[in-house]
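Colleague: Which chain is which? The protein sequence lines are A and B, in order. First residue of the first sequence: 1, per this note's numbering; consecutive thereafter. First residue of the second sequence: 1001, per this note's numbering; consecutive thereafter.
Since the hints were made in silico from the structure, they are not lab data. Be a bit skeptical, because a hint or two may be false.
With a cut-off of at most 27 Å between alpha-carbon atoms, the simulated DSS-like pairs for lysine-lysine come out as follows [said to hold, decoys possible]: (1) A:Lys198 to B:Lys1039; (2) A:Lys211 to A:Lys115; (3) B:Lys1039 to A:Lys211; (4) B:Lys1187 to B:Lys1300; (5) A:Lys115 to A:Lys198; (6) A:Lys115 to B:Lys1019.
This structure is a prediction, so every number in the text was calculated from the model and none was measured.
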Amino acid sequence: MKMRKMSKYGMEFSMKIVFAACACVSIIAISLIAIFLFTGGLPAIFEIGIYEFFLGQRWAPGDRYPAVPAFGVLPMIVGSIYITLGALVIGVPIGLFTAIYLAYMCPHRIYVFVKPVVNLLAGIPSVVYGFFGMVVLVPMIRPFAREITGGGTGESIMAASILLGIMILPVVIGISESAIRAVPANYLEGALALGASKTRSVFCVIVPAAKSGIMAAVVLGVGRAVGETMAVNMVAGNQARMPTHLLRGVRSLTANIVMEMPYAYGLHRDALTATGVVLLLFILIINMLFVFLVRKGR
Amino acid sequence: MLRLTLYLVIGIALFLALKHVYTYLPEAVLRKMVRIWDKIFLSLTWVFAGVTVLALGFIIFHILSNGIPHLSPRLFAVNVTLGDVSMFPAIISTVLMVIIVLAISVPLGMFTAVFLVEYMRTGSWFVTLIRSAAEILAGIPSIVYGLFGMMFFRVFLGMGFSILSGSLTMSIMMLPLIIRTTEEALKSVPDTYREGSFALGAGKLRTVFRIILPNAMPGIFAGVILAIGRVVGESAALIFTAGTILQIPSSLFDSARTLTVHMWRLSSYGQYVNETYATAVVLLLVVLSLNAVSGVIARKFTKT
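Chain B with its partners taken away, still in its complex shape (with noise of 0.2 Å):
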C-alpha cells in the first residue's frame, strides 16, 4: 500500500518536471506534442463515455440474461413458508410501503415546498435554514436513518420490526428530494400566473391550490416517481426498520421484508443464485419502467 503511495507520488513529481522542459523545446517539436495530447484527450473523452455506459450495459445484460431463464412460478407463489424464495410477499410489502411513504412525504414534502416558494422571501433565514437541513437530510447515508429508524421508530416510539417504522424512516429520507423537485417545479411557474390569480380576486391559498399547484404537477409528478425508485431501491435503512421477515403483512404493525431486502437475503444464502438473478430481474425492470416514465414526463414538462 504505501509503496503504492511511493510511486504515485514519483510518478506526479515527474509529470510536473517534464512540464517545466517544455518551454525549452523548439517550434515544430510543440505542436506536434500539442497535436497529439489534442488527440489523446479526445479520444480519452470518447473512450471515457464509452466505459460509462458499456459498464451500464454490461450490468443490464449480464442480470437480465442469467436471470430471465430462471423466472419460474414458484418465484411468484402465494403460499409462502419462512425462508421461501417467493417474492410474492415482498411485492406486497413494497407496493404497501410505497403508498404508505408517499402518502406521507408527498404532502409533507410538497406544502414545505409550497412554504418555501411561495410564503416567504428567498434567502430569509428560515428558507436558508430549511434549505440546508434538507440538504443534510439528503446528504445522511441510508445506514444511519436505519439506525435513527431503529432507535426511534422502532425502540423509543415502540412500533417494533413493523411496515410502518420503514415507512416513517423511509419517508424521512424521501422529504429532501420531493421539497427539492416541488421548489424546482414551483419556481418554474411563470408570475404572470400569480398576477393574473390575484387581479381576478383570488386568495393566496386558492391561488396556490387553483392556478399553481395543478400547473406545477407535471414536474412534482417527475419526482414522486424518482422517490418510487429510492424507496423500491433502498436495503440498508429497512433492515433495521421494517424487519426481513418474507410474509404477507395483516397489518401496518407486521413485519415485512421488501423486494430489495429480499433479494439481499436470498444474495446471502448462496444456493439460491438463480432465484437471486431473477428476483434481480424483477427489479430492474421496475427501476428502469419508473425512470423511464419520470424522465417522459421531465421531457414534456420542459418542452411544454
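Chain A extracted, bound-state conformation (with noise of 0.2 Å):
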C-alpha cells in the first residue's frame, strides 16, 4: 500500500517536471534563435561598419576588384518602411471600418457570413497573394508605371502596398473588432440617450474609447507587414536601391535575404545574417509597442 502511495506521488512530481520542461522550451527557442542570430550577425555589422551597414546607401555584395563590395541595407530599411506604410493606408480604413460594421451596424445573418470571409483571408498561404499579385496586380499597374515613370514593369511599391494591405486586413480586422466590442454598452447607451444618431455615437464614442485596441491592431497589421517575405519578394520588384517612385521597384529587407541566401558565402552570408538582425530588431520594437498599447487599454 506504502509503496504503492510512493510511487503514485513520484509520478504526480516527475509529470510536473516534464511538464515544466516542456514550458521551457519555448524559453529554450527563443534563447537559441537570438544567440544565433546575434553572433552570425554582429560581427558582420562590426566588420562593415555600423555606419556602412545601417546607412550606407550602396548595396553591392557581388562586386569584386577592382569595385569594392558594399553592404549598405539603408536601401532595403527605407524600402520595407515604404511598403508598410502603403500598405497601412490601405489596409487600415478598410479594416476598421469593417470592423465598426461587424461590430455594431451589421445583421447577425450577415455577421455569420462575414467573419468567416475575414478569417478565411488569414488562411490563404502568402505564396497564393503573391502570385495573386504577380499575374493580376502588376500587369494593372504596369500601364500607369510606363505612362507615369517612363518604364518599370509594374512590381512596385504600389504593388506590394496593395498587396500588403489585404493581406494585414485580417489582424486589423480581428484585433480592432473586438477592441471595439470590449468598450461597456453603456458608452454607447449614453451617448444615444445624449440625441446622437447611432452612427455618430459609434464613431465619436465607442471608437475613441477603443483607440488604444485599434492601434495595437495597428501595430500588429505593421509586425505583419515587415515580416511578410514570399508576397512582397514576388512582387516588389526587389532592386537594391533607394526607392525613387511609387511605381517603381523596390526591395524589403525580407526580400533581402529571401534572394540573396541561397548563392552567399563569407561576409555577404553574415550580412544578410544581420540584415535578419536587423528585421528582428523591429519587429522587437514594434512587439514591445503592441504589449504596451494593449496593457494601456486595459
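Quick one: dock chain against chain with the hints and give me the complex.
Modeller: Rendered as C-alpha cells:
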C-alpha cells in the first residue's frame, strides 16, 4: 500500500517536471534564436562598420576587384518602411471600417457570412497572395508605371502595398473588432440618450474609447507587413537601391534575405544574417509597442 | 514621394482648420451637415466591408477559374524528374511534414499550456515569462525562423537540407499557436469538473488526463487544425531548411519541397503559369477545407 502511494506521488512529481520542461522549450527556443542570429550577424555589422551598414546606400555584395563590395542596408530599410506605410494606408481604413461594421452595423445574418471570410483571408498562403499579385496587380499597374515614370514592369511599391494591405486585413479587423466590442455598452447608451444618432455615437464615442486597442491592431498589422516575405518578394521588383517612385521597384529587408541567401557565402552571408538581425530588432520594437498598447487599453 | 507627403500634410491641416469653422455655423446648417456626415460614414462601413469580402471573393474566383481547367493528370504524376511540374512528391512531403510538426509541437505546446493553467498560479513570474516568450515567438517573421533553422538545425546540428530540419523549425513556429489555443480550451473547462475529480480522490495528474484534457479536446483540436493550415501555407521558413528539391523523400534526412514551396518554384519559372494556377487551386482547397473544419469545431465547442 505504502509502495503504491510512493510511486503515485513519484509519477505526479515526474510528470510535473515533464510539463515544466516542455514549458521551458519556448524560452530555450527564443534564446537560441537570439544567440544564433546575433552571433551570426553582429560581427558582420562591426566588420562592415556600423555607419556603412545602417546608413550605406549601396548594396553590392557581388562586386569584385577593382570595385569594392558594399553592404549598405539602408535602401532595404527604407523600402520596408515605404511598403509598410503603403499597406497601412490601404489596410487600416478598410480594416477599421469593416471592424466597425462587424461590431455594430451589421445584422447577424451578414455577420455569420463576413466573419468566416475574414478568417479565410488569414488562411490563404502568402505564396498564393504573391502569385495573385504577380498575375493580376502587376500587369494592372504596368501601363501606369510606363505612362508616369517612363518605364518599369509594374513590380513596385504600389503593388506590394496593395497586396500587403489585403494581407493585414484579418489582423486589423480581428483585433480592432474585439477592442470595439470590449467598450462597455453603456457608452453607446449614454451617447444615444444625449440625442446622437447611432452612427455618430459609434464613431465619436465607441471608436475613441477603443483607441488603444485599435492602435494595437495597427501595430500588429505593421508587424505582419514588415515580416512578410514571399508575397513582397514576388511583386516588389527587388532592386537594391533607394526607392525612387511609388510605381517603381523596391527591395524589402525580407526579400533581401530570401533572394540572396541561396548563393551567399563569407561576409555576404553574414551581412544577410545581419539583415535578419535588423528585421528582428524591428519586430521586437513593434512587439513591445503592441504589448504596451494592450496594457494601456486595460 | 516628398510631394505626396506634403499634400497629405496640407490636407490634414485643412481638415483640422475646417473643424474650427463648425462652431460658427448656424444650427440648421450644422444639423444638415451632421446628417450628411452620418450617411457618409455609415455607407463607408458598408463599402469597406464589401471591399473586404470582394477582395477575398476575387482572389479565390480568379485562382479557381484559371486553375481548375488546367488540373491535368500530368500534375499528379507519380514518377518525376528534377524540374518537373508534378505536385505528387510535394503533396507527400507536405503530409509527412505536417505529421512530424504535429508530433513535436502538439505535445510540447499542450504540456506547456497544462503547466501554465493547471500547475501555476495565474500571474506568477514564470507564467508571465513563458507567455511573453510565446508572444515574441508568435511575432517573429517566418524568414527569421528560416535563417535560424538554417544556422541551427541545418548547419550547427548538421541535419543538412532535410525534412527533419524543416519540421523542427516549423515546430518552434507552431508552438505559440498551440499554447494559446490549448490555454483557452483549458480555461474554458469549468472549475467544478476539477473539484469533482479531486473530491472523488483522483490526483492532479489523473484529473488532467482523464477529466480536463478530454473536455478541452475540441478547442485543442481546432487549434491543431489551424496549425496544419499554417504548416501547409508556410514557405519562407522552409526554403533554407527543408530545401527545394522535388522528390519523394525516402528518409527524414532527405530534402523535400512542400506544396507551397513547389508553387513558389513553379511561379518563378515563368513558363508554367497554368500549372501554377492548378497548384494554387489544390493549395487553396486544402486551406479552405481546413479552415471550414476548424470553424465548425470551434462553433460546436462554443455551443455546448
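Colleague: When the structure is checked against the list of hints, which entries are broken? Sort them ascending.
Modeller: 6
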